[in-house]
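K.L.:
Model the full assembly from the supplied sequences, consistent with the hints where possible.
Chains as they are written, first to last, in the UniProt record's numbering: chain A, 1 to 309; chain B, 1 to 402.
Please keep in mind that the hints were generated in silico from the structure rather than gathered at the bench.
C-beta atoms are modelled at their ideal positions from N, C-alpha and C, and glycine is treated no differently.
Mixed in with the good hints, there may be bad ones.
Claimed, not checked - With a straight-line cut-off of 30 angstroms between C-alpha atoms, the simulated BS3-like cross-links for lysine-lysine are: (1) 332/B / 81/A; (2) 26/B / 88/B; (3) 88/B / 290/A; (4) 297/B / 71/A; (5) 88/B / 276/A; (6) 302/B / 332/B; (7) 121/B / 252/A; (8) 81/A / 88/B; (9) 54/A / 363/B; (10) 349/B / 81/A; (11) 300/B / 54/A; (12) 276/A / 164/B.
Unchecked claim - Here are the computed distance ranges between Cβ atoms for each label pair: (13) 156/A / 50/B: 52 to 62 angstroms; (14) 260/A / 77/B: 37 to 47 angstroms; (15) 184/A / 319/B: 47 to 57 angstroms; (16) 160/A / 343/B: 48 to 58 angstroms; (17) 191/B / 240/A: 49 to 59 angstroms; (18) 241/A / 60/B: 28 to 38 angstroms; (19) 82/A / 87/B: 54 to 64 angstroms; (20) 299/A / 230/B: 25 to 35 angstroms.
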Amino acid sequence: MGFSKDQLLNRLQELEIDYTKYEHPPVLTVEAQAKYVSSSEGALSKNLFFKDKKHRYYIVSAMVDTKVDMKVLSQRLGLGKGGVRMAPEEALAQLLQVSLGCVTPFAVVNESARDVSLLLDQNFKNQKRCIFHPLSNEVSVSLNTSGLDKFLKSIERDPVYVDLEANPAVGKDQPPDLAVYVPSNSVVIPEITSETSTKQTPPPKSVSAEVKPVASAKPSKPASKGKSVVVENSTLLAFKNPEKFVEEIMDKTSALLLSEVAKGENVEALAETRRKLLTSELTHLAIMFKNTAYTEGFHAGKHSQPKRL
Amino acid sequence: MEVDKKDERESESSEQVVNPWEVSAKDGGKIDYDKLIDKFGCQRLDESLIDRVQRLTSRQPHVFLRRGVFFAHRDFNEILDAYEKGDKFYLYTGRGPSSEALHLGHLIPFMFTKYLQEAFKVPLVIQLTDDEKCMWKNLSVEESQRLARENAKDIIACGFDVTKTFIFSDFDYVGGAFYKNMVKVSKCVTLNKAMGIFGFSGEDHIGKLSFPPVQAVPSFPSSFPHLFPGKDNLRCLIPCAIDQDPYFRMTRDVAPRLGYSKPALIESSFFPALQGENGKMSASDPNSAIYVTDTAKDIKNKINRYAFSGGQDSVEKHRELGANLEVDIPVKYLSFFLEDDSELEHIKKEYGEGRMLTGEVKKRLTEVLTEMVERHRRSRAAVTDEMVDAFMAVRPLPSMFE
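P.N.:
Dropping the structure here:
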């Protein structure tokens with residue numbers, strides 16, 4: 001279950017973080033929000049939720065006036081010029097557990113968002129107070145960045161402030177300066193087949209620049225992309241799940257047998273080579289299975305508690 | 001002074017240069033491996049050694065041994081002598097994590113090391129020299145550490161057994177017994193000697209000067225007290241590319257003075273760029289190599305468009321003269337990665353005598369490489385951060401010789 005707005009606000013109070021709360025009808029855009037929360041209360045923020053080709057997710061939270069160039073950001077992250085696109089609605093729901101128009105730095109409080117990288121606009125630091133949604137688009141809170149930092153540290157996140165308008169050169173001798181903020185884990189979201197097909201109205205508060213790449217994507221892409229993700233999932237399972245492991249072995253062996261029967265001529269010589277290849281493939285499969293099991297045991301060992309006496 | 005330096009450099013370009021930071025052939029030609037073996041003073045790996053490996057391990061020697069990819073050694077016969085008597089050894093190899101983009105050439109030492117681990121049933125330590133890359137490539141500490149972890153994932157995907165493998169990064173592990181050995185080694189190598197072996201000069205920063213001991217001491221079992229307690233006589237075998245030889249010449253020189261056994265080496269030649277032996281594989285030119293992240297389509301394109309062909313200009317000429325197998329890259333690549341000896345022989349014969357065309361050879365190569373890269377990709381997807389942590393945990397390996 002995702003964090004609720006009330007749980008978040010309680011947590012802020014527990015941490016003795018000073019904030020001011022404004023309630024208003026639900027708003028989906030910064031313009032709408034601005035009608036209810038005046039700039040004298042603090043700096044409004046625009047919040048982008050995007051992903052890269054390896055299914056890693058990012059939140060960029062910036063001052064409304066800060067120019068955010070997605071191509072530059074993509075390069076600075078080491079993803080190449082067109083390496084990012086807006087995240088699909090499913091990701092918003094599954095990873096951030098907030099609704100449309102509600103992307104906010106606070107969303108990383110959810111366990112589901114643990115692999116989402118959060119980048120904050122350096123310019124926030126010069127503001128007395130900044131305004132974000134506390135997991136609901138019917139409420140806005142304004143607080144000082146020190147309050148936001150305190151909150152992030154309380155959930156073991158290092159606050160990362162970046163000069164979003166900078167455009168440093170990226171090349172052989174100048175490694176991408178933001179690459180260190182790329183998450184180490186990618187996230188697989190099950191209904192990914194619908195990702196690039198219909199739902200391409202990105203959360204309105206986000207910069208609309210990235211609608212274009214998706215619209216012009218070749219129609220064959222969504223289908224094959226969906227397929228490859230599904231295939232990968234089942235192979236990954238073969239490394240963890242004994243039933244799938246055996247299934248994979250049976251599949252490969254019967255494929256070999258069938259192809260041998262089909263070939264006919266010089267079956268013995270063929271069998272020898274194919275058998276060697278199969279042996280090597282299956283051994284590889286078994287090693288990955290073993291490594292996965294060991295890793296799970298390692299994790300359990302690290303987190304096990306001593307026996308209560 | 002300046003004039004002297006200039007002359008020095010000029011004479012170097014007319015000779016081949018092979019050291020850990022630069023590999024270039026004489027006058028843009030091919031690397032002369034015989035000369036290299038002579039100059040370095042190592043041995044050729046001959047048929048009798050390969051046969052011995054087959055007998056001792058009861059399995060076919062790895063394709064890299066059969067095709068002469070790993071072609072030179074130091075004291076490998078002694079390792080085999082000891083192994084026959086029941087004395088085991090451990091493996092040590094490493095990677096300098098300078099980029100995230102790994103190509104097939106990078107995987108070669110790891111593929112071979114995995115075979116050695118399985119065939120001889122011995123443990124392995126893998127060093128990630130993040131400190132070296134931080135110094136030489138001017139990366140930030142955080143970035144080099146991040147790259148080390150990312151590279152570790154690709155290494156693990158090669159199929160190493162976690163119960164017999166310890167991966168470590170210098171920034172994490174240097175200290176304790178490891179550092180004690182580093183100091184012992186440092187005391188035995190004068191500044192002049194280091195400058196002579198590695199080509200350092202007064203302009204280089206002292207970080208570079210003090211790096212060689214870091215790469216030397218994993219050859220000594222006492223550097224890993226959690227792995228080899230009390231086994232100070234355990235021998236070490238280092239599979240590496242031949243440009244790493246200088247580090248280990250230094251190590252072998254120092255070892256007896258410290259009362260340690262000299263590490264043995266088994267060395268490989270260089271993997272050619274797609275554009276040919278004279279071309280240089282470089283991380284900034286994606287078309288000079290096949291990367292582990294390439295899709296089937298990328299691989300097909302790269303082979304078709306950039307792989308240097310030894311075929312003739314026209315079909316008629318080709319059928320008459322046959323292909324020049326010396327410079328043909330697809331055949332070279334197949335000799336690295338096509339398992340089946342008889343199929344390779346067949347291709348070489350037919351192509352060399354003009355009956356097979358370049359297109360067919362390239363097609364077969366594309367198949368072989370695509371399968372390899374696909375398999376790697378699948379295994380890589382299964383490597384989690386937790387798995388990397390497990391491989392890198394400073395823990396004992398009780399079943400390391402089973």
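K.L.:
Check each numbered hint from earlier against the structure, then list the numbers of those it violates in ascending order.
P.N.:
1, 2, 8, 10
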